[in-house]
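Peer 1: Here is how the chains run, residue by residue.
Number of protein chains: 2
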Amino acid sequence: MAQSRPSAAPVAVHPVAARPGGRTAAVRKAVLTATEDALIEHGFAGIDLPSIARSAGVGKTTIYRRWGTAQALVADLLDDMATGSVSATRTGDLDADLSANAELLVRTLTHPRQGPLFAALIAAATHDRDTKTALAKFYRRRVEEWSLPILDAIDRGDVPANTDATAVVRHLSSPLYYQFLTTTTPLDDNAAELAVRTTLAALHAHCFTRSGAAPTSPAAATTSPRPRR
Amino acid sequence: MAQSRPSAAPVAVHPVAARPGGRTAAVRKAVLTATEDALIEHGFAGIDLPSIARSAGVGKTTIYRRWGTAQALVADLLDDMATGSVSATRTGDLDADLSANAELLVRTLTHPRQGPLFAALIAAATHDRDTKTALAKFYRRRVEEWSLPILDAIDRGDVPANTDATAVVRHLSSPLYYQFLTTTTPLDDNAAELAVRTTLAALHAHCFTRSGAAPTSPAAATTSPRPRR
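Keeping their order, the protein sequence lines are chains C and V. Heads up: the first sequence begins at 1 in the working numbering, then just goes up one per residue. Heads up: the second sequence begins at 1 in the working numbering, then just goes up one per residue.
Hints listed in this document are in silico derivations from the structure and should not be mistaken for laboratory results. Do not take every clue at face value.
Just so you know, same-sequence chains aren't split out, so a pair can sit in one copy or run between any two.
Here are the simulated lysine to any residue pairs, SDA-like style, with alpha carbons at most 25 Å apart [what the hints assert, rightly or not]:
id, residue 1, residue 2
1, LYS137, ASP189
2, LYS137, ASN190
3, LYS29, HIS204
4, LYS137, THR185
5, LYS132, ALA72
6, LYS137, PRO160
7, LYS137, PRO186
8, LYS137, ASP79
9, LYS132, GLY92
10, LYS132, ARG156
11, LYS132, PRO116
12, LYS137, ARG65
13, LYS132, LEU104
14, LYS137, ASP48
15, LYS132, ALA45
16, LYS132, SER51
17, LYS60, SER211
As the structure is a computational prediction, the values presented were derived from the model and not from experiment.
Isolated chain C, as found in the complex:
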């Protein structure tokens, strides 16, 4: 799917096709769009239920009955975003697949709407426990989806069988989020490429092998970059 539309918006927050579900689905879509708008414009503090109802063109009662709190609205938005995310690229070449993931992430974080949305969600999670739980769940699902190409590489025998695929995906994402959140340096393809190179280097140095099944041969121990002292 990702390969057939490489220039599409990286995270399909609003799928083009109408969802099944009729009026209920249409209300949800309108409410989640209004929630997104409020987050982008004012952050979590901007999620006022009566304003969301007005923007979405739905009754206040509906919002209060179906969601009830700003936290519930954000959790549902994250649930919707997880469902609409672009599938992992799986070309059969680990380097290419990791590059596709890193480049997708750069496109998402530099996207004029999705960048501020992710920043607002991360910010909201820093001072709201329910939002933090919902955000962690969103990333857990994204990371699992993007673990598939690493599981493919395990199947091909390109990386050790005891590699923690989710740790690889998280490592790949980390420097891009860190740059996004703590610097004013814009993300670009160089940042994506460095993330891929460092991740592959760590992978080949067996940094992500699960400790319960660590390599035990003397050769493997010798090539370990940081023997225990």
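Based on these hints, arrange chain V on the given structure of chain C.
Peer 2: Chain V in isolation, oriented as in the chain C frame:
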């Protein structure tokens, strides 16, 4: 300094010794402490100048004249935090020095006061341009300080001369901040150790060598984990 008090609070936001400067310095300290309290409690939206004046026990006129805006208060707080940060550990062993940095960062982000403070500052930077600039400056200074042990390693010949020391420090910090901000998994020494191992692996694979002076020998090219296609 860090070695002589390993269990001290990791970032000395408020040095124990009184600073020179008399009343002006005392006012600044009281105002910055009140700003910190407001950030930890309510985030950036909680920085109301009259409330800060009241909490700090100083006149509103003083706050408006000397700082004027919430952004200026946060920028001054970050400036103060940068000055008070713990110096880099420099034992002469790169692994030990990187471990000290990663463990300090874990202690900072899990500290009951400093963790929420950093989270609030990062959150504030996502929706305020001046705060983002001030935060980036704070991290630039911290990263430069913590580059010193890597420059030492370059001097010793332990890592290539064209290594970008600041890129190494940023890489080391990234997974810890990513875990802190996007998961509910508490940071611990295992996270610090993984950050060190991945950073050393990437360092030994020449991921952080400046492109203008990349290794050109065939041997170096062969060991590169991701040759250009």
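Peer 1: So, for every hint listed, does it hold in this structure?
Peer 2: Evaluated hints:
no. : hint              : in the structure
1   : LYS137 <-> ASP189 : between (27 Å within a copy, 23 Å between copies)
2   : LYS137 <-> ASN190 : between (29 Å within a copy, 22 Å between copies)
3   : LYS29 <-> HIS204  : neither (44 Å within a copy, 49 Å between copies)
4   : LYS137 <-> THR185 : between (28 Å within a copy, 11 Å between copies)
5   : LYS132 <-> ALA72  : within (12 Å within a copy, 28 Å between copies)
6   : LYS137 <-> PRO160 : neither (27 Å within a copy, 41 Å between copies)
7   : LYS137 <-> PRO186 : between (27 Å within a copy, 15 Å between copies)
8   : LYS137 <-> ASP79  : within (8 Å within a copy, 35 Å between copies)
9   : LYS132 <-> GLY92  : neither (34 Å within a copy, 40 Å between copies)
10  : LYS132 <-> ARG156 : neither (36 Å within a copy, 44 Å between copies)
11  : LYS132 <-> PRO116 : both (17 Å within a copy, 13 Å between copies)
12  : LYS137 <-> ARG65  : within (24 Å within a copy, 45 Å between copies)
13  : LYS132 <-> LEU104 : both (23 Å within a copy, 24 Å between copies)
14  : LYS137 <-> ASP48  : within (24 Å within a copy, 34 Å between copies)
15  : LYS132 <-> ALA45  : both (15 Å within a copy, 19 Å between copies)
16  : LYS132 <-> SER51  : within (23 Å within a copy, 28 Å between copies)
17  : LYS60 <-> SER211  : neither (52 Å within a copy, 57 Å between copies)
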